[in-house]
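Undergrad: The residues making up each chain are set out below.
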Amino acid sequence: MLKNAFLMLISLAIAVGGGGASVWYALKIQDGVGAIRIGQWTAFPDIGTPAADPYSKARVAREGVLALGRAEGLSFVAENDAAGDQLKRECTYRIEGGFPTARFWTLYAADQSLGVVETGKSRLAALQSYEVLRQPDNSVIISVGHHPMPGNWLLTDGSGRMYFVLTFYDTPIASSTGLSDVSLPRIVKAGCDA
Amino acid sequence: MRSLRAALRRLLHAILLGLVGAGIVHIIVLLLVPEFSERDAWSRLSLASDLYRMNRLDAEAGGAPVVKSVDPLFYATACRFDLEEGMVRIKAPGNVPFWSVSVYDRSGHNVYSFNDHTATGGKLDAVVLTPAQMIDVRKDLPEDLQGAIFVEAPIDEGIFVIRSFVPDESWKPIVSRFLDQSSCELQDF
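Going down the list, the protein sequences come from chains X and V. This note's numbering numbers the first residue of the first sequence as 18 and each following residue consecutively. This note's numbering numbers the first residue of the second sequence as 80 and each following residue consecutively.
It is possible that part of the hints are untrue.
Dumping the calculated EDC-like pairs for lysine to aspartate or glutamate here, alpha-carbon to alpha-carbon at most 16 Å [said to hold, decoys possible]: (1) V:Lys170 x V:Asp195; (2) X:Lys138 x V:Asp195; (3) X:Lys206 x X:Glu96; (4) V:Lys147 x X:Asp102; (5) X:Lys138 x V:Glu248; (6) V:Lys147 x X:Glu80; (7) X:Lys206 x X:Glu107; (8) X:Lys45 x X:Asp128; (9) X:Lys105 x X:Asp174; (10) X:Lys105 x X:Asp128; (11) X:Lys206 x X:Asp102.
What the hints contain is simulated information worked out from the structure, not anything from laboratory work. Computed from a predicted structure; not experimentally measured.
Using the sequences provided together with the hints, build the complete structure.
TA: The following block contains the structure:
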């Protein structure tokens, strides 16, 4: 009798504990269902829409996100460089290549919660397309690092993991048909502060 | 020996049953999170201000932002509304480089969005209403609503968000003023 109760307790503990923990874990990891990957960049075009999958819906409710609408824009997040290594705040990177059609875009360096990196200076760790210098072929080269660099410079600070968030506003790629043949800039590591 | 094997088999049975149960619990919890979340955008906004009150989402207005407004080169403001009380009208004066607007339902899903290219002359003047209210309005469109954008949304409670681009430092006061002067009102009809 006691043995039966014990076995039942084990079943219940596994069911409740395992079920709860797996939901918590699934909502915590960045890379989820419904993601679109282009190079190192990941976007969730469906997040925050009624058509989203249950995991995205739960994440939206838990984090209080108000996601960008289709007519507003589309955000891409990068967590690795072209070699597949995690982005680090103490390293310098070069972001180079062409950008898809959009009215304008913004790029910023983000921490774990995808908030902008605090630089401690009046210069934000963010750039936008109206202020960048372009190459003759209309591509853009952006240098990312702690120290000033010629050309386009995205200031970062501190150490630890870093993410790049690239958002296109008022863009045809936000409609799903446009996403198939989009190419995004590459992220190349240039070196690290020891 | 035989009793030990029987006990092991029953233990294995219990564990398997537990794993199946974990799958069921996983699905149930996942579907219940949006229902019972007290950290969603609506709940956070309702702690900060009343219905039909514009509330800045960026940290520029002082204090920690209510709802995380992600892009650092953007300012944003939001108001909550309830279409059961009547249709709601949102207006913002002035010219800024870019603004965009989203209507969210109670659980934070984006049901409609548009930007300044959609509006007449780039002026932000929008009315959010239910399909039933739209039928009433269509019958006799009031004079001052003729330039407005009508957003027909099959929702009752919702959130209206205005986002505006701040290209550089010099635009900060202008964009701030644009958002602070925006209004979110119950429209009599």
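Undergrad: Sort out whether Asp195 (chain V) lies within 16 Å of Lys138 (chain X), counting only the CA atoms.
TA: violated (32 Å)
Undergrad: Does Lys105 (chain X) pair with Asp128 (chain X) here, judged by a C-alpha cut-off of 16 Å?
TA: Given pair Lys105 (chain X), Asp128 (chain X) holds - Cα atoms ~10 Å apart, limit 16 Å.
Undergrad: Take a quick look at whether Lys138 (chain X) and Glu248 (chain V) sit within 16 Å of each other, Cα to Cα.
TA: Given pair Lys138 (chain X), Glu248 (chain V) holds - Cα atoms ~13 Å apart, limit 16 Å.
Undergrad: Checking one constraint from the list: CA of Lys206 (chain X) to CA of Glu107 (chain X), max 16 Å. Satisfied?
TA: Given pair Lys206 (chain X), Glu107 (chain X) holds - Cα atoms ~11 Å apart, limit 16 Å.
Undergrad: So if I understand the rule, the pair passes when the alpha-carbon distance is 16 Å or less; does Lys206 (chain X) with Glu96 (chain X) pass?
TA: holds (12 Å)
Undergrad: Is Lys45 (chain X) within 16 Å of Asp128 (chain X), Cα to Cα?
TA: holds (15 Å)
Undergrad: Given the hinted pair Lys147 (chain V) and Asp102 (chain X), is their Cα-Cα distance within 16 Å?
TA: At roughly 28 Å apart (the allowed maximum being 16 Å), Asp102 (chain X) and Lys147 (chain V) break the hint.
Undergrad: Is the Cα-Cα distance between Lys105 (chain X) and Asp174 (chain X) 16 Å or less?
TA: Distance of about 10 Å is within 16 Å: holds.
Undergrad: Take the C-alpha atoms of Lys206 (chain X) and Asp102 (chain X), compute the straight-line distance between them, and say whether it is at most 16 Å.
TA: With a Cα-Cα distance of about 9 Å, the restraint between Lys206 (chain X) and Asp102 (chain X) holds, given a limit of 16 Å.
Undergrad: Would you check the hint for Lys170 (chain V) and Asp195 (chain V), treating anything up to 16 Å between C-alpha atoms as holding?
TA: holds (13 Å)
Undergrad: For Lys147 (chain V) and Glu80 (chain X), compute the direct alpha-carbon distance and say whether it is at most 16 Å.
TA: OK: Lys147 (chain V) and Glu80 (chain X) at ~9 Å, within 16 Å.
Of the numbered hints given earlier, the model fails hints 2 and 4; all others are met.
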